[in-house]
Every structure is written in C-alpha cells, then in structure tokens.
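**Q** Here is what each chain is made of, one letter per residue.
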Amino acid sequence: MIVAKPKPFPFLTEQLRPYRKVAVVGCETCVAVCLAGGEREVRRLAQALELERRVRGGVELLTLPLTVKRQCEYEYLEPLRETLKGVEAAVSLGCGVGVQYLAAAFPELWVVPGLDTLMAGGPTALGVWEEYCRLCGECLLHLTGGICPLTRCAKGLLNGPCGGASEGRCEVNPEVPCAWILIYERLRRFGKEELLRHLTPPKNWQLAQGRGPRKLVREEVRG
Amino acid sequence: MKSGSRLERLLSQGEFVVTAEIGPPKHASAEPLIRKARLLKGYVDAANVTDCQTAVVRMASIPAAVHLLREGVEPVIQMTCRDRNRIAIQADLLGAYSLGIRNLLCLTGDHPAVGDHPEAKGVFDLDAVQLLDMVRRLRDEKVFQSGVPLKGPEPRFFLGAAENPCGAPVELRIMRLAKKVEAGADFIQTQCVFDLECFSRWMESVREEGLDRRVYILAGVTPLKSARMAQYMHENVPGISIPEEIRERMAKASDSQEEGIAIAVETIQALKRIPGVAGVHIMAIAWEEVVPEIVRRAGLFPRPQLPEETDR
Ligand code: SF4
Ligand code: SF4
Numbered sequence: 001m002i003v004a005k006p007k008p009f010p011f012l013t014e015q016l017r018p019y020r021k022v023a024v025v026g027c028e029t030c031v032a033v034c035l036a037g038g039e040r041e042v043r044r045l046a047q048a049l050e051l052e053r054r055v056r057g058g059v060e061l062l063t064l065p066l067t068v069k070r071q072c073e074y075e076y077l078e079p080l081r082e083t084l085k086g087v088e089a090a091v092s093l094g095c096g097v098g099v100q101y102l103a104a105a106f107p108e109l110w111v112v113p114g115l116d117t118l119m120a121g122g123p124t125a126l127g128v129w130e131e132y133c134r135l136c137g138e139c140l141l142h143l144t145g146g147i148c149p150l151t152r153c154a155k156g157l158l159n160g161p162c163g164g165a166s167e168g169r170c171e172v173n174p175e176v177p178c179a180w181i182l183i184y185e186r187l188r189r190f191g192k193e194e195l196l197r198h199l200t201p202p203k204n205w206q207l208a209q210g211r212g213p214r215k216l217v218r219e220e221v222r223g
Numbered sequence: 001m002k003s004g005s006r007l008e009r010l011l012s013q014g015e016f017v018v019t020a021e022i023g024p025p026k027h028a029s030a031e032p033l034i035r036k037a038r039l040l041k042g043y044v045d046a047a048n049v050t051d052c053q054t055a056v057v058r059m060a061s062i063p064a065a066v067h068l069l070r071e072g073v074e075p076v077i078q079m080t081c082r083d084r085n086r087i088a089i090q091a092d093l094l095g096a097y098s099l100g101i102r103n104l105l106c107l108t109g110d111h112p113a114v115g116d117h118p119e120a121k122g123v124f125d126l127d128a129v130q131l132l133d134m135v136r137r138l139r140d141e142k143v144f145q146s147g148v149p150l151k152g153p154e155p156r157f158f159l160g161a162a163e164n165p166c167g168a169p170v171e172l173r174i175m176r177l178a179k180k181v182e183a184g185a186d187f188i189q190t191q192c193v194f195d196l197e198c199f200s201r202w203m204e205s206v207r208e209e210g211l212d213r214r215v216y217i218l219a220g221v222t223p224l225k226s227a228r229m230a231q232y233m234h235e236n237v238p239g240i241s242i243p244e245e246i247r248e249r250m251a252k253a254s255d256s257q258e259e260g261i262a263i264a265v266e267t268i269q270a271l272k273r274i275p276g277v278a279g280v281h282i283m284a285i286a287w288e289e290v291v292p293e294i295v296r297r298a299g300l301f302p303r304p305q306l307p308e309e310t311d312r
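Chain order of the listed sequences is A and B.
Read the first sequence against the UniProt record's numbering and you will find it ends at 223, with the numbers running on by one and no gaps.
Read the second sequence against the UniProt record's numbering and you will find it ends at 312, with the numbers running on by one and no gaps.
Treat each hint with caution, since some may be false.
No more than 30 angstroms apart at the CA atoms, straight line, and that leaves these computed lysine-lysine pairs for BS3-like [to be verified]: (1) B/LYS121 to A/LYS203; (2) B/LYS252 to B/LYS41; (3) A/LYS69 to A/LYS5; (4) B/LYS121 to A/LYS215; (5) B/LYS225 to A/LYS203; (6) A/LYS7 to A/LYS203; (7) A/LYS5 to A/LYS192; (8) A/LYS7 to B/LYS151; (9) A/LYS192 to A/LYS215; (10) A/LYS5 to B/LYS121; (11) B/LYS272 to B/LYS2; (12) A/LYS192 to A/LYS203; (13) A/LYS7 to A/LYS21; (14) B/LYS272 to B/LYS252; (15) A/LYS203 to B/LYS272; (16) A/LYS203 to B/LYS142.
Worth flagging that the hints you see were computed from the coordinates, not collected in a lab.
In this text, all values refer to a predicted model and were calculated from it rather than measured experimentally.
Based on the provided sequences and hints, a complete structural model is requested.
**A** As structure tokens, then:
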C-alpha cells in the first residue's frame with residue numbers, strides 16, 4: 001500500500017487561514033489502512049480545524065468532512081460535485097495521487113495536501129510501517145529471493161553487499177538488517193546461492209523515471 | 001599489459017608492492033598533496049587518492065592525482081558510485097586517462113548519510129561490480145556502457161576493487177570477490193587487516209577459488225596512532241574489528257605511536273609470508289608522514305625500479 005503520514009497541524013491551519021468553507025477529503029484505501037487519511041482522521045481533522053479557528057478568532061470556519069472510496073479515480077470523485085459547490089478550498093487526506101486527482105477533478109477548488117506521502121510499503125508492527133518497493137518498473141525479486149535490494153539496501157546495490165555490514169546489520173543504518181545478507185540466507189535455503197555469481201547489469205532507469213511521468217497503456221484492457 | 005602502469009608492471013614482475021593512501025585537502029590548494037607526495041616518493045610504488053571518502057567533500061580524486069603525477073608519484077585514482085551516474089563516470093575517466101592516469105580503484109562509496117552533506121542524493125546508478133565491468137569494456141571492447149563504440153583511443157586502466165576480508169558470511173564475500181574479478185578487477189585492495197587469523201582464513205578461501213592466480217591481492221595496513229583510535233575504529237568503522245589483543249597492546253604502551261608503528265610492521269611481515277598476498281596498501285589516516293618509517297622497518301626499502309628508471 002501507499003504509506004503516508006499527517007502533515008503538521010499548524011501547517012494546515014496556516015494554509016487554510018484565508019478560507020471560510022473548507023472540505024476535508026479522505027480516502028478509504030491505503031491511507032485509511034495506515035491511519036492517516038480515513039474517515040476517522042477526516043472527522044478529527046475537520047473538528048480540530050474548526051476549533052482552532054474559533055479559539056484563534058477571525059472568520060468562522062465551516063468544514064465539510066468527506067471520504068471517498070478511492071481518491072485516485074474520477075469515478076469516485078464525481079459524486080462530490082454537488083456537495084463541493086461554494087466550497088473554496090480542500091485539504092486532501094489522500095496520497096499524492098489523490099491530491100492531484102482531486103485538484104484536477106475540481107478546477108475551481110484550491111487543494112492543499114494534508115499528508116506527506118512516503119512510500120510503497122506496509123505495517124510491520126503496531127504503529128510501524130516500512131518501505132518495500134521503489135516502483136522501479138522491472139521487478140527483479142526472482143533473482144533475490146523476494147527481498148528487494150533496490151529498496152532495502154541503503155545503496156540499492158544489485159550485485160551483493162558492500163563491505164560494511166556488521167553482524168548482519170546495514171552499515172548505513174544499523175537499525176535494519178543488511179538486505180544482501182537476508183537475500184543470501186534466503187537463496188541458500190532454496191539452494192539457489194549460485195544466483196549471486198551472476199552479474200546483474202546496470203538498471204534501466206528509463207523504466208523507473210520515464211521521460212517525465214510514466215504511462216501504461218494496455219490494449220487488451222482498452223478493448 | 002593492460003595499462004602499462006608502474007603498479008601493473010611491478011606486480012607482473014612478481015615484486016611485493018607497496019602502495020599508500022593520500023586524502024586530498026578540504027580546500028582548493030594543492031600544497032598538502034605536494035607535501036605528502038614528496039614525503040612518500042621513493043617509499044611507495046603508487047599512491048591512492050581517495051574520492052571524497054566517508055562522503056565528505058574534498059578535492060576530487062582526478063585533479064589531486066594530477067598533482068601527484070607532477071611530483072613523480074604514480075597515482076591510483078578512486079571512483080565511487082555515490083556521486084556520479086554512468087555518463088559522468090565515463091566522461092571523467094576519459095579525461096583522467098588523457099591526463100596520464102593509469103590506475104583506477106572502483107568503489108561503491110560510502111552513503112551520503114554518513115558524511116558532511118547528509119541531505120545529498122546518493123546516485124548509485126551503478127554498483128562497484130557494474131562499474132568494473134563498464135571500465136573493463138571501455139578498455140577491452142572499446143565500447144561505452146551503452147554499447148556505443150568509442151571514436152578513438154580507449155582508456156586503458158589497471159583496475160582495482162576493494163574487499164573486506166573479515167566480513168561475514170565468508171562464502172558470500174568470496175562470491176562477490178569472484179564476481180568483481182569476473183567483471184574486470186586486476187587487483188584487490190583489502191580493508192585494513194588487524195586480525196591476521198581471519199585474514200589468513202579468507203586468503204585460504206581465495207586460494208581455494210583460485211582467485212589469487214587471477215587477481216593481485218594487496219592487503220590493507222593501518223598504523224594505529226593511539227589506543228583511542230583503536231577503540232574508535234573497532235566500534236565505529238563499518239566492517240572493521242580490531243582484536244582485543246591489539247587494543248590492549250595499544251592501551252598498555254607507554255609510547256602508543258611507536259607501538260602502532262611496531263604493530264603495522266609486524267603485520268606487514270606476517271602478510272608477506274601468506275601465499276597469494278602480492279603487496280600491501282598502507283592507509284595511514286591523516287598520518288602519512290609515518291609511511292617511510294614503516295616501509296623501512298618492514299624491510300621494504302628501497303623500492304624496486306623499472307628498467308628505464310634505473311638507466312637514469
Ligand atoms: S525490484 Fe523494483 S518493482 Fe520489484 S520490489 Fe524492487 S523496486 Fe519494486
Ligand atoms: S550493509 Fe548491506 S544493506 Fe547496507 S548498504 Fe551495505 S549492502 Fe546495502
């Protein structure tokens with residue numbers, strides 16, 4: 001899933017200072033699961049924003065808490081059109097994709113990101129999320145036993161570990177295991193450590209970076 | 001001959017070579033480089049110039065190496081994957097060769113997070129193995145990384161790589177070493193050796209794989225300056241562990257610098273006896289002036305000369 005975290009509250013109050021009617025738009029998918037932008041967070045943020053304005057003084061703030069199934073699909077944003085009439089600004093509690101879809105769907109609406117979008121990852125303990133994929137465009141997990149060296153090795157090395165791992169920990173961040181030692185151990189369990197002898201060629205970063213935004217067209221889906 | 005460098009020629013003649021390391025200055029004057037080059041001249045066969053080691057900004061390796069060349073010290077430049085993509089690396093190496101540089105050590109590089117610009121973007125477009133492969137193909141196949149042919153003379157570098165002999169797991173380290181040799185490494189510089197037992201075990205695996213016959217192994221030696229330095233390196237430098245015995249010797253010594261030199265000399269003498277070790281690489285961190293004494297006391301002075309050098 002996409003993992004995001006809330007932006008600081010004072011940032012949002014500052015950004016919204018000029019407006020009196022503001023929508024807070026959440027998303028029921030990734031950001032809801034990582035407890036950053038679901039219905040509950042939307043409700044709480046809306047209340048907090050109104051309260052802050054009341055305490056601070058100035059024009060009264062009216063918030064509209066809204067949550068859609070997926071903010072990254074126009075289909076789910078369309079039904080908001082009526083509700084958003086007369087609304088001047090919105091805080092999106094979607095990921096970076098959601099914020100942009102919301103802004104594109106409602107050209108008259110000033111949209112402020114309410115989250116910092118961090119990574120493609122997942123929860124590893126209560127309140128802890130970790131990154132697993134850098135969305136590189138050409139997965140090589142079949143070579144590395146299902147452990148991504150691009151993401152989980154601090155240097156993104158593709159041909160085995162640097163010399164600095166100590167007691168299985170990464171030299172750059174001893175809090176995490178050296179990805180290459182994990183890869184080695186897993187390949188060995190499957191008797192596939194010979195894979196480590198092959199030279200993995202330099203990555204084709206065109207697949208990861210494109211020429212600007214990447215685009216996927218699947219003719220068979222288009223029909 | 002791949003490059004015809006001094007280092008390559010001496011190694012191919014079977015000489016036990018001595019190299020040292022020079023850290024370029026954190027400013028724009030060549031004065032410290034020139035001073036260090038004069039200090040080391042005649043005591044080492046070549047000198048490494050680091051490429052912003054520990055991710056701290058310094059004078060770049062290639063121009064620093066040119067200052068060494070002018071002083072008559074053969075340089076080994078270092079190139080890391082941290083700061084340059086494949087375009088910049090190849091461009092810089094064409095330039096380096098045109099300036100007379102013939103030895104190149106290919107490194108992954110330390111992560112920017114450990115240096116003095118922790119907010120910098122780590123490039124790591126290539127890793128050290130891919131870097132070696134690229135530079136070997138520039139030399140032997142006369143093509144750039146993309147496969148596009150060169151339009152004239154190719155850069156012919158004598159290629160080095162680094163290895164940590166005491167890293168675990170050993171099997172994984174040896175596989176990676178073999179991969180570096182396959183990719184193009186002609187010589188290997190090891191991380192500094194303090195634990196001779198673990199180094200000897202590693203050399204055994206190197207010989208078992210037949211790698212000592214395919215690549216020259218230069219063992220790293222670092223003279224310890226103080227007990228504090230020993231403790232610090234043991235605890236903080238990734239991939240280095242200093243046996244308790246040595247740390248204790250340093251702690252008990254009345255003259256710790258002298259003890260550090262003595263340990264370095266003993267280490268070199270022991271390394272010289274291990275089959276497959278082709279030379280030593282002395283990394284006297286911010287203590288370059290001690291290198292001549294170590295070389296002398298280890299019985300490695302005078303350094304051999306090439307035929308055309310003795311003529312003069
Ligand atoms: S190899 Fe690429 S696609 Fe596969 S997990 Fe890693 S970053 Fe993601
Ligand atoms: S210690 Fe392991 S995970 Fe960390 S940078 Fe080196 S190879 Fe990558």
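**Q** Please go over all the hints and tell whether each is borne out by the structure.
**A** Cross-check of the supplied hints:
{"no.": "1", "hint": "B/LYS121 to A/LYS203", "in the structure": "holds, 17 angstroms"}
{"no.": "2", "hint": "B/LYS252 to B/LYS41", "in the structure": "violated, 34 angstroms"}
{"no.": "3", "hint": "A/LYS69 to A/LYS5", "in the structure": "holds, 19 angstroms"}
{"no.": "4", "hint": "B/LYS121 to A/LYS215", "in the structure": "holds, 25 angstroms"}
{"no.": "5", "hint": "B/LYS225 to A/LYS203", "in the structure": "violated, 43 angstroms"}
{"no.": "6", "hint": "A/LYS7 to A/LYS203", "in the structure": "violated, 34 angstroms"}
{"no.": "7", "hint": "A/LYS5 to A/LYS192", "in the structure": "violated, 39 angstroms"}
{"no.": "8", "hint": "A/LYS7 to B/LYS151", "in the structure": "violated, 53 angstroms"}
{"no.": "9", "hint": "A/LYS192 to A/LYS215", "in the structure": "violated, 35 angstroms"}
{"no.": "10", "hint": "A/LYS5 to B/LYS121", "in the structure": "holds, 22 angstroms"}
{"no.": "11", "hint": "B/LYS272 to B/LYS2", "in the structure": "holds, 25 angstroms"}
{"no.": "12", "hint": "A/LYS192 to A/LYS203", "in the structure": "holds, 22 angstroms"}
{"no.": "13", "hint": "A/LYS7 to A/LYS21", "in the structure": "holds, 20 angstroms"}
{"no.": "14", "hint": "B/LYS272 to B/LYS252", "in the structure": "holds, 27 angstroms"}
{"no.": "15", "hint": "A/LYS203 to B/LYS272", "in the structure": "violated, 40 angstroms"}
{"no.": "16", "hint": "A/LYS203 to B/LYS142", "in the structure": "holds, 21 angstroms"}
Consistency note: the structure conflicts with the earlier hints numbered 2, 5, 6, 7, 8, 9 and 15.
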